[in-house]
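**Q** Here the protein sequences line up with chains W and B, keeping their order. Counted from 1, the first sequence has number 107 at position 107 by the working numbering; the numbering is strictly sequential. Counted from 1, the second sequence has number 258 at position 258 by the working numbering; the numbering is strictly sequential.
Calculated from the structure, these hints are not laboratory results. Just so you know, not all the hints are guaranteed correct.
Since copy identity is lost for identical chains, a pair holds within one copy or between any two.
Result set (SDA-like, lysine to any residue): computed pairs, CA atoms no more than 25 Å apart in a straight line [what the hints assert, rightly or not]:
hint : residue 1 : residue 2
1    : Lys271    : Leu69
2    : Lys123    : Tyr187
3    : Lys140    : Val177
4    : Lys322    : Val68
5    : Lys322    : Ser63
6    : Lys179    : Glu274
7    : Lys229    : Leu3
8    : Lys328    : Val112
9    : Lys123    : Asp278
10   : Lys105    : Asn323
11   : Lys62     : Asp278
12   : Lys229    : Ala27
13   : Lys318    : Ala116
14   : Lys328    : Gly141
15   : Lys283    : Asp99
16   : Lys179    : Val59
17   : Lys58     : Asn20
18   : Lys283    : Pro125
19   : Lys271    : Ala142
20   : Lys226    : Phe150
21   : Lys123    : Lys328
22   : Lys296    : Phe150
23   : Lys271    : Leu319
24   : Lys226    : Ala342
25   : Lys92     : Asp113
26   : Lys179    : Leu3
27   : Lys229    : Tyr187
28   : Lys140    : Val88
29   : Lys58     : Glu9
30   : Lys296    : Gly197
The structure displayed is predicted, hence computed values, not measured ones.
There are 2 protein chains.
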Amino acid sequence: MPLEIQDSEVDIVIAALQPNLTTFFEAWRPFFSRFHIIVVKDPDMAEDLQIPTGFDLKVYTKSDINGVLGSSSINFSGHSCRYFGYLVSRKKYVISIDDNCLPAKDTAGLTVDAVAQHMANLKTPATPFFFNTLYDPYRKGADFVRGYPFSLREGVECMLSCGLWMHNADYDPMTHVVKRNQRNTTYVDAVMTVPLGAMLPVSGINVAFNRDVLGPAMFPGLRLRKEGKHRWDTLEDIWNGLCAKVVCDSLGYGVKTGLPYVMRSDAEAGKALESLKDWEGVKIMDDVLPFFQSLKLSRTAVTVDDCVKELAGIVREKLGPKNAIFTKAADAMVEWNNLWKAHGAQNA
Amino acid sequence: MPLEIQDSEVDIVIAALQPNLTTFFEAWRPFFSRFHIIVVKDPDMAEDLQIPTGFDLKVYTKSDINGVLGSSSINFSGHSCRYFGYLVSRKKYVISIDDNCLPAKDTAGLTVDAVAQHMANLKTPATPFFFNTLYDPYRKGADFVRGYPFSLREGVECMLSCGLWMHNADYDPMTHVVKRNQRNTTYVDAVMTVPLGAMLPVSGINVAFNRDVLGPAMFPGLRLRKEGKHRWDTLEDIWNGLCAKVVCDSLGYGVKTGLPYVMRSDAEAGKALESLKDWEGVKIMDDVLPFFQSLKLSRTAVTVDDCVKELAGIVREKLGPKNAIFTKAADAMVEWNNLWKAHGAQNA
């Protein structure tokens with residue numbers, strides 16, 4: 001990829017949900033070693049972390065989180081600990097990949113540089129106003145298909161890049177139980193902008209974003225009562241993605257999905273059955289999606305910060321009466337906004 | 001593909017813009033031979049057609065077109081002649097592929113059965129209300145990603161399937177001139193539903209649709225003054241696709257894009273320079289897209305026929321004053337509606 005990436009503009013943020021990160025870091029070494037890495041240790045995990053040497057890396061633990069947050073009601077345990085890394089980063093861009101994911105191989109058998117691909121997604125324009133049938137028009141060998149309005153060919157800035165995963169899928173507990181042995185083997189060689197107004201389930205497995213701009217909208221808001229340590233019983237990232245998409249749509253920014261893939265190994269997915277009975281995620285999305293689809297933020301909200309504040313208010317008013325977890329989500333969003341102003345906003 | 005396709009439910013419609021179709025039909029024989037084929041000869045072309053034997057095939061010529069249409073103002077010359085085939089078909093589904101396209105090969109080197117893929121697209125549900133990050137959830141090995149609302153997992157009926165092309169791109173004349181040697185070599189192994197409200201440039205190169213339902217919306221409406229025999233100087237299919245997408249969105253139907261690919265060889269694309277000076281397509285799309293994006297058809301329009309009638313009226317009122325070609329497009333849409341009732345509606 002001919003695109004130039006400065007070491008000083010990217011932080012890699014890793015949420016450590018397992019103590020032994022040796023395999024993870026050795027596999028990613030060729031792609032991560034030139035960047036600063038923020039490791040946030042799940043505050044519920046007691047064991048010491050095992051991380052190989054040779055990285056520019058800082059580990060944040062429960063005491064760091066408590067030191068910054070004080071009496072915050074935001075829960076940073078489990079996968080949500082990565083958001084603390086977003087807060088303490090001082091870089092323009094953040095890339096975050098789950099600790100059970102390794103580099104994938106493309107269709108030619110070459111190992112994918114997920115960092116370079118995420119940065120290409122963020123540094124080339126997005127095209128949310130008209131769908132290009134041959135996908136990302138800025139990719140080498142591609143262009144705008146006949147009929148694409150010329151006035152839209154400059155595109156807009158891309159703020160969020162959602163990568164995908166091979167092998168172990170990202171399913172809810174029900175689908176995990178029903179499709180226990182299903183694996184994703186299809187490598188779809190495409191990046192595309194998710195059109196204006198279209199909502200998508202952003203998975204936290206493999207994401208990157210422009211922290212300078214979008215940071216105030218990258219929070220752990222919605223938390224299911226019994227949310228644990230597994231992607232399959234969380235909705236924190238899904239909720240966050242919907243909020244970020246609505247904010248990007250409102251401010252004229254783009255969100256891309258597709259490449260890069262990572263290779264995901266979720267050894268514990270078989271345990272999804274255990275959380276099935278109490279999983280609140282089923283009905284919640286049927287309330288959440290119509291809410292986001294009909295949402296219009298006001299034109300006076302001209303920054304991400306403004307938008308999040310307004311969004312929190314609408315969540316409290318419209319969704320709060322349906323379920324207490326939405327009121328808690330609104331609280332967390334307001335609190336994140338304050339945290340960001342106090343701790344997250346400064347750049348290096 | 002395990003999907004069952006009845007010979008009796010599909011017509012293949014081919015617009016013959018060149019006399020010698022030998023290579024075309026021999027290449028497609030394995031996939032076309034079990035179906036009825038409608039060949040519509042460009043009414044401007046004088047030469048006799050050369051078509052190999054062994055197909056269940058009917059050729060329609062200028063005299064057939066004149067016989068059915070009488071004093072119609074719709075211009076069926078050039079690529080627009082394929083729409084006459086849509087009108088005289090009596091099948092539930094129509095598949096139409098340009099006569100300069102041959103079967104493509106997939107990433108494994110296997111020849112793609114474009115008929116089977118289009119039918120799979122049309123016969124499995126579409127998901128316009130939420131974007132599935134792992135693409136078509138009904139595909140083998142795929143499913144709905146975590147966070148996809150359960151109430152939306154049944155999907156809706158897919159009415160239009162837009163296939164893609166390898167090798168020679170589908171560019172406007174300007175891009176053809178600038179990127180004379182660029183070829184599409186990326187095979188993106190995915191089918192996706194274009195989200196509700198998102199517009200796309202539907203190319204007529206490689207399409208399929210549910211004729212029973214969508215037929216009244218599959219017309220040659222917009223015609224540039226100097227429209228010729230080349231995709232690069234037409235907008236007929238782009239306009240048609242925008243109309244069809246708006247109608248599908250309004251009635252709760254789906255539109256898919258992606259697979260199947262065909263291999264496209266546009267030997268004459270180098271001549272795009274000649275039509276550059278007079279090409280009206282540049283400015284027109286900058287009027288057309290905002291029009292379609294802000295369009296809302298009324299809830300009382302409950303059939304495709306109703307929607308087209310209403311759409312023609314709005315085109316005449318809002319776009320007509322900007323350019324006479326829009327008034328002509330509205331005329332053609334009304335006329336198509338009448339033609340469809342008189343000649344197109346009956347099923348076999």
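**Q** Take the hints in turn and mark each one as holding or not.
**A** Each hint tested on the structure:
1. Lys271 x Leu69: So Lys271 and Leu69 fail the 25 Å test inside a copy (32 Å) and across (66 Å) alike.
2. Lys123 x Tyr187: both (23 Å within a copy, 24 Å between copies)
3. Lys140 x Val177: This pair counts as between: shortest inter-copy Cα distance 17 Å, intra-copy 41 Å.
4. Lys322 x Val68: neither (32 Å within a copy, 60 Å between copies)
5. Lys322 x Ser63: Cα proximity of Lys322 and Ser63: none, with 35 Å in one copy and 66 Å across.
6. Lys179 x Glu274: Within. Shortest intra-copy distance 15 Å satisfies the 25 Å Cα cut-off; inter-copy 56 Å does not.
7. Lys229 x Leu3: neither (36 Å within a copy, 40 Å between copies)
8. Lys328 x Val112: The answer is neither: 39 Å in one copy and 51 Å across copies each exceed 25 Å.
9. Lys123 x Asp278: neither (42 Å within a copy, 36 Å between copies)
10. Lys105 x Asn323: neither (43 Å within a copy, 52 Å between copies)
11. Lys62 x Asp278: The answer is neither: 28 Å in one copy and 68 Å across copies each exceed 25 Å.
12. Lys229 x Ala27: within (23 Å within a copy, 54 Å between copies)
13. Lys318 x Ala116: neither (40 Å within a copy, 46 Å between copies)
14. Lys328 x Gly141: This pair counts as neither: shortest intra-copy Cα distance 47 Å, inter-copy 37 Å.
15. Lys283 x Asp99: So Lys283 and Asp99 fail the 25 Å test inside a copy (29 Å) and across (50 Å) alike.
16. Lys179 x Val59: neither (36 Å within a copy, 49 Å between copies)
17. Lys58 x Asn20: Answer is within; shortest intra-copy Cα gap is 16 Å, inter-copy 69 Å.
18. Lys283 x Pro125: between (36 Å within a copy, 22 Å between copies)
19. Lys271 x Ala142: between (43 Å within a copy, 21 Å between copies)
20. Lys226 x Phe150: This pair counts as between: shortest inter-copy Cα distance 20 Å, intra-copy 50 Å.
21. Lys123 x Lys328: This pair counts as neither: shortest intra-copy Cα distance 35 Å, inter-copy 43 Å.
22. Lys296 x Phe150: between (27 Å within a copy, 24 Å between copies)
23. Lys271 x Leu319: neither (31 Å within a copy, 59 Å between copies)
24. Lys226 x Ala342: neither (30 Å within a copy, 62 Å between copies)
25. Lys92 x Asp113: within (19 Å within a copy, 46 Å between copies)
26. Lys179 x Leu3: Only across copies: Lys179 and Leu3 sit 21 Å apart there, 40 Å inside one copy, limit 25 Å.
27. Lys229 x Tyr187: Close neither inside one copy (27 Å) nor across copies (37 Å); limit 25 Å.
28. Lys140 x Val88: Neither, since 35 Å and 42 Å both go past 25 Å.
29. Lys58 x Glu9: Answer is within: at 16 Å inside a copy they meet the 25 Å cutoff, but 64 Å across does not.
30. Lys296 x Gly197: So Lys296 and Gly197 pass the 25 Å test inside a copy (10 Å) and across (15 Å) alike.
In this structure, the earlier hints numbered 1, 4, 5, 7, 8, 9, 10, 11, 13, 14, 15, 16, 21, 23, 24, 27, 28 are contradicted, and the remaining ones agree with it.
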